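K.L.:
Here the protein sequences come in this chain order: A and B. Mapping to my numbering: the first sequence position 105 is 105, numbers consecutive. My numbering runs 1000 ahead of the 1-based position in the second sequence.
Because the hints were derived from the structure by calculation, they are not lab data. None of the values given here were measured: they were computed from a predicted structure. Check the hints yourself; a few may be wrong.
Listed next, the in silico DSS-like pairs over lysine-lysine satisfying Cα-Cα at most 30 angstroms (straight line) [claimed, not checked]:
#1 A:Lys159 x A:Lys207
#2 A:Lys39 x A:Lys137
#3 A:Lys159 x A:Lys119
#4 A:Lys137 x A:Lys159
#5 B:Lys1255 x A:Lys119
#6 A:Lys119 x A:Lys51
#7 B:Lys1192 x A:Lys119
#8 A:Lys137 x B:Lys1182
#9 A:Lys39 x A:Lys119
#10 A:Lys137 x B:Lys1255
#11 A:Lys81 x A:Lys51
#12 B:Lys1192 x B:Lys1182
#13 A:Lys137 x B:Lys1192
#14 A:Lys39 x A:Lys51
#15 A:Lys159 x A:Lys283
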Amino acid sequence: MKINGVAIEDTFAEAFTMRVARLVITGRTLRWAREAAVKLTGFATSVIGCKCEAGIERELPDSETPDGRAGVSVLFLTMDKASLPEQLIVRVGQTVLTCPTTACFDGLPDAADRLPVGKALRVFGDGFQASKLIGGKRYWRIPVMEGEFLIEETFGMVKGVGGGNFLILARDADAALAAAEAAVAAMTGAPGVILPFPGGVVRSGSKVGSKRYTNMIATTNDAFDPTLRAITASQLPEGVNSVLEIVLDGIDGPSIEAAMRAGIRAACRPGVQTITAGNYGGKLGPHHFYLRRILGEVVA
Amino acid sequence: MNSQPRSWGGMSDAVTLTLTTQPARTLVADCIAADRFAALDAKEIAALPVLHGGRPATLGEFFKVRGERASVVRIEGDCERVEAIGTGMAGGELVIDGNAGRDLGLAMSGGRIDVRGNAGANTAGAPAGAARGMTGGEIIVRGSVGDEAGARMRRGLLVVTGDGGRGTGKGMIAGTVVVFGKVGPGAGRFLKRGSIVALGDVAWPATFGYACTYRPPHVALLLRYLRSRCRVEVTEAQVSGRYERYSGDMAELGKGELLRWVGEDGGA
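Chain A on its own, in the form it takes in the complex:
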């Protein structure tokens, strides 16, 4: 299969089940909502080193937020149930609570699993906090020097998908970067999906474990490193001199598939030779995103 002359390998991206929460952060202006969201999702690229993965899902117009102000929706993922509230309490407390004018709302109101994030953070109010029940939802009003910080008492948690991916194999680094940027632009704002890495792009794809260091959880994916082509079991086709990876996390499989479809199509541009994906032989992750099947409907 080829799109715009770019080969689509017959393989699949292997992804994992993660726990996900969606936060809606609003502010007096979009700028302040974004400031909080950017800090909240900082250093949250991979559970390998950050214990969580997070990113801005999309910007929300005032018609889509609970308090009628501009906002940003954020997806936040961890590998297990217990660590999601831990991470949220620490991060929301340090980044959203501290940010001028913001309020924080649950973006998964129908989720049965509830995380007591606002309930935990209320104690910052040192006994001066107050709660309000509005439309069946409880909110906490935490007094701060600026005025009040409003946060919903609980946040929904559902099973999500982490680690959707595809690799862009290109003639050179410039072509790989241009294709990655095009892919990210096509996927930005896709509902239910985040791209947790810087600019949505990863240059340091990893393999599980190490050939040399026993304490390393993950090390460089030498099979796709062009500089190691001559000394490793390289998987790079001839003519490929640079590889970039796009990693996607999402609310569910269909959201990831839709974003991958848009992203891969956008990445198929001059200078790109092959699109492939990372997997572990299908033995580790229950979610398998077959590239050709995802793209099947749109390929002429």
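Since chain A is already given, all that's left is putting chain B on it; use the hints.
P.N.:
Here is chain B on its own, set in the frame of chain A:
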């Protein structure tokens, strides 16, 4: 408003009570509660006890009952002399197409009462001698209320689109009272916790202390909820405006508040 409730398999979408005999004296109808009607057929509803001028009577002597076994109840007619409607109501929806007498939603704990007219004194209040009034649910009065509405309220929401009487929210323990019109004197006296949001004129007791002028985020959220879900007329200036916060009652716990709307650019 006069649509016949649909009935299917012994259940209706709604129970409608139409006032057919205007009571000559005060009619205490504390049997009317939306959740209670969910288990009763029309005959049983009509047979519920009321007090007319202190004498025992039945609901059916004053109201025509249509529909059965539904937790959505509509009352048609001017019920200004009908007291204690919705007493102890724990769920369901009760709509009153007209005025309601005193003690509306007495000690109510859940559900919603929507009055398309005025309501009497002690709306959302407590029974005589009881420590707590309303403990949950929502009451919306699309008109004015009598004295001491929301008195000793423990939780819940009382919204008055018209004026509040004397002692609105007196002795509140928690919960929220919103008054769009003028609030009578003595509002919030002996308030422990809870919020009184005044969109119109209000005089706060001397035992309240001014805190600041700001945009309380929960008020914006609440007003937007009232506008979108309860169809209460709320202006954007009220949603995004500034409010003076008075803490009180300092003669009590002092953790309550009276929030007075001062307009978009008012105050500080």
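K.L.:
All hints, please: hold or fail.
P.N.:
We went through each hint and held it up to the structure:
no.: 1; hint: A:Lys159 x A:Lys207; verdict: holds, 25 angstroms
no.: 2; hint: A:Lys39 x A:Lys137; verdict: holds, 26 angstroms
no.: 3; hint: A:Lys159 x A:Lys119; verdict: holds, 22 angstroms
no.: 4; hint: A:Lys137 x A:Lys159; verdict: holds, 22 angstroms
no.: 5; hint: B:Lys1255 x A:Lys119; verdict: holds, 19 angstroms
no.: 6; hint: A:Lys119 x A:Lys51; verdict: holds, 22 angstroms
no.: 7; hint: B:Lys1192 x A:Lys119; verdict: holds, 22 angstroms
no.: 8; hint: A:Lys137 x B:Lys1182; verdict: holds, 29 angstroms
no.: 9; hint: A:Lys39 x A:Lys119; verdict: holds, 21 angstroms
no.: 10; hint: A:Lys137 x B:Lys1255; verdict: holds, 21 angstroms
no.: 11; hint: A:Lys81 x A:Lys51; verdict: holds, 12 angstroms
no.: 12; hint: B:Lys1192 x B:Lys1182; verdict: holds, 22 angstroms
no.: 13; hint: A:Lys137 x B:Lys1192; verdict: holds, 22 angstroms
no.: 14; hint: A:Lys39 x A:Lys51; verdict: holds, 16 angstroms
no.: 15; hint: A:Lys159 x A:Lys283; verdict: holds, 19 angstroms
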